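All chains, full assembly: derive it from the sequences and hints.
If you want the building blocks of each chain, they are given just below.
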Amino acid sequence: MTPALDVLDADVVRSGRRAQRRRSAVVTSVLALVVLGLCVLTLMIGSYAVPAPDVIASLLRLKDDAPTDFVVRDLRLPTVATGLGVGIALGVAGVVFQKLLGNPLASPDFVGVSSGASVLAVSSIVLLDAGSTVVSGSALAGAVLTAALIYVLAWRDGISGYRFVLIGIGVSQFMLAIIGYIVARADVYEAREAMTWLVGTVGQAGTGELRTLLVALVVLVPTALLLERPLRALELGDDAATALGSRVEVSRLALLALSIVLIGLSVAVAGPIMFVALIAGPIAQRLTGPGGSLLAAGLVGAVIVLGADLVAQHLVPAPLPTGVVTGIVGAPYLIWLLATVNREGRGG
Amino acid sequence: MTSHDLRATNLTLGYASTDIVSDLDVTIPDGRITVIVGANACGKSTLLRGLARLLRPRGGEVLLDGTSVQDMRSIDVAKVLGLLPQTPVAPDGITVGDLVGRGRYPHQGWFRRWSAEDDRAVAAALEATGTADLVDRQIAELSGGQRQRVWVAMALAQDTDLLLLDEPTTYLDINHQVELLDLLTDLNRASAKTVVIVLHDLNLACRYADHIIAMKQGAIVAEGSPREVVTAAVVTDVFGLACEVVPDPVSGTPMVVPRGRHHAAREVVEALA
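Residue numbers (my numbering), protein chains in the order written: chain A, 200 to 547; chain B, 930 to 1202.
Certain hints may be false.
What the hints assert, rightly or not - Each computed SDA-like pair below joins lysine to any residue, with the alpha-carbon atoms no more than 20 angstroms apart:
| # | chain 1 | residue 1 | chain 2 | residue 2 |
| --- | --- | --- | --- | --- |
| 1 | B | 1145 | B | 1008 |
| 2 | B | 1008 | A | 447 |
| 3 | B | 1008 | A | 437 |
| 4 | B | 1008 | A | 431 |
| 5 | B | 1008 | A | 428 |
| 6 | B | 1008 | A | 446 |
| 7 | B | 1145 | B | 1096 |
No lab work stands behind these hints: they were computed from the structure.
Since the structure is predicted, the reported quantities are computational estimates derived from the model, not experimental observations.
Given below as C-alpha cells:
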C-alpha cells in the first residue's frame, strides 16, 4: 500500500469507472431515442398514413388539421402511451425482481405474479362486467395477493431465489387453471374477448386504467431510480447488504411493493404481455455493460412492447395481440436461458 | 485508525425457537487479531453475526464505543465495522472493479455518489489484495482463491477500523489460506485495524491470532493468547479430540497434533499407555 502505487491505481479505477458510466449514459440516451422513434413511427403508420412532421406538429399542437389530429391524438396516441407505459413498467419490475432474488428466471411474468393479476382482472371483466377502476384495482390486488402467497410459501428463514422461482411456477400453473375455469364458464363472445385480453395487447387499453398506470409511473419510476442504490447492496445477499449499512428489510419491501404495483397496473391496462419483464433486464445489461441500470431496463421494455406492437399490427397479414409477438421472441430466449443456467450449474 | 471498543454483554442470540449463544460476555481487543474457534455448530459464526448486527439480540446487547449497535444508524455502524459474510452473492456479470466499489456504500449517499476518496480506497483495496490486474474481469471467470481475495478487497474498500470475517479460508487451498491470513496480518500491522476471524484450522488460528476465543455450545470456554488457550485439555474439551500440543516448528506457537485411532507410531503408543 505504498502511496505512489495508490495514486496510479486510483487513476485506473477512476478511468474504468468513468468509461463504464459513459457507456451506460450513451446506451441509455440511444435507447431513449429509439423509444421516441418507435412512438413517432407508431403514430405515423396505419390505414391513414401521417408523415412524421405532421405527427410532431399535431402532438405539439403547432397547427390545426382536424382529420390528422383525430387519427394521431385520439386513435393512435393511446396505443403509444400504453406501449410506452406498459413497456417501462414491465422492464423495471422485471429487473427489480431478478436482482432482488438473484435469479434471471425470477421475473414476475414467469413466477405467476402476472397470472395472479390476470385471474382477478379477468374475473372482474367476465363475471362482474366491471368498469376501469375495478379492473385496475382487481389486477393490483391479484398481483399483491399472488406475490404474498409465493413469498409465504417460499419463506424458510429467509428467501432463496431458487425456491421462490420453483414455488412461483407452481403458483403460476394454479392461477392459469383458475383462468381456464373462468374462461370455460363464460359464454362464447366473452370467452373470445377474455382470450385476446389474456394474450396481452396494447390496443385494448381502457382510458381509466391507462391514466392510473401513467400517474403511477410518474411517481414510481423516480422512486425506483432512488432505490437503485440499496438494490445494488441487496444484490450481494442479505448479510453483505446489512454489513454495508443498508436497511435490508425496508429496502426490499419497498422495491418489491413498487414492482408488484407496476405489474398489477400494467396487467390492468394491457393484459399479461408475456416475456417482456423476463428479457428486458438481461438485454439492458448486455447493452450497458455489467451492473446494468433500471432506467435502461425500462427503456428496453418500452422498445420491445412498441416494436412488438408495430410488428403485430402491420407486418403480419392480420393484426395480432402484442403478446403473440413477444411470446414468439421471448420463448426461445427462455429456452436458451434454462439451457445455459443448467450448464453453468447455477440458477439457485 | 482511531481506537474502538467492541463488546457484548449478556448477549443471547438464536434462530427460530433455539438459542445458539446464551448470556455471553466478550470484549474484542482493540487493534489486535482475534480468532474465534470451536467445533461445528458451537455458535462462533452466530456470535460474529451478532457482533456485526446481522442478528438482533434476544437478550443483552452489543456495544460499539459504548452505544448499542441496534440503536445506531446502520450506515454509521458500517463506517466503523465491516463484515465479510460466509457466502456473499456475486450478481450476474459483475466485474471485480464494480464489486469492490460496492464496499464504498456506507460512504456514499443519495446525493454524494462517488468521490476521489472512493477511487483511492478501491485502488488501495485492490492493491493490498493483489487483485489490481483483475479489475476489469468478471467474477464468474475467477478461480476460488482470486474470488475470495476480491471479496476481501470489497470489505477493505469499506475502510472500517474493525473488520470481521466469517470463515474466509473455507474455499481456499492451504497456500491461499496462508496468503489471506498474511494479508490480514499486514493490514493489522500497517494500520492497527482490529480483525476478528472465525476459523476452522486450529494451527493457523494459533499462528495468526493475538487473541483466541474458544467456544463450545454457545459459551466461551477459554480466551487469551494462543499459548494460554490452546492446550491439550482445552482442545479435548472443545472439540472432543484427543491430541498432543507441540510447538509449531516455524512460529513456536502451539500446534495441535490429533491422536486418532490409527497410524500412531509404536513408541508413542507405548509412551502414552
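A quick look at each hint next to the structure:
no. : hint             : in the structure
1   : 1145/B to 1008/B : 31 angstroms, violated
2   : 1008/B to 447/A  : 17 angstroms, holds
3   : 1008/B to 437/A  : 18 angstroms, holds
4   : 1008/B to 431/A  : 17 angstroms, holds
5   : 1008/B to 428/A  : 17 angstroms, holds
6   : 1008/B to 446/A  : 14 angstroms, holds
7   : 1145/B to 1096/B : 17 angstroms, holds
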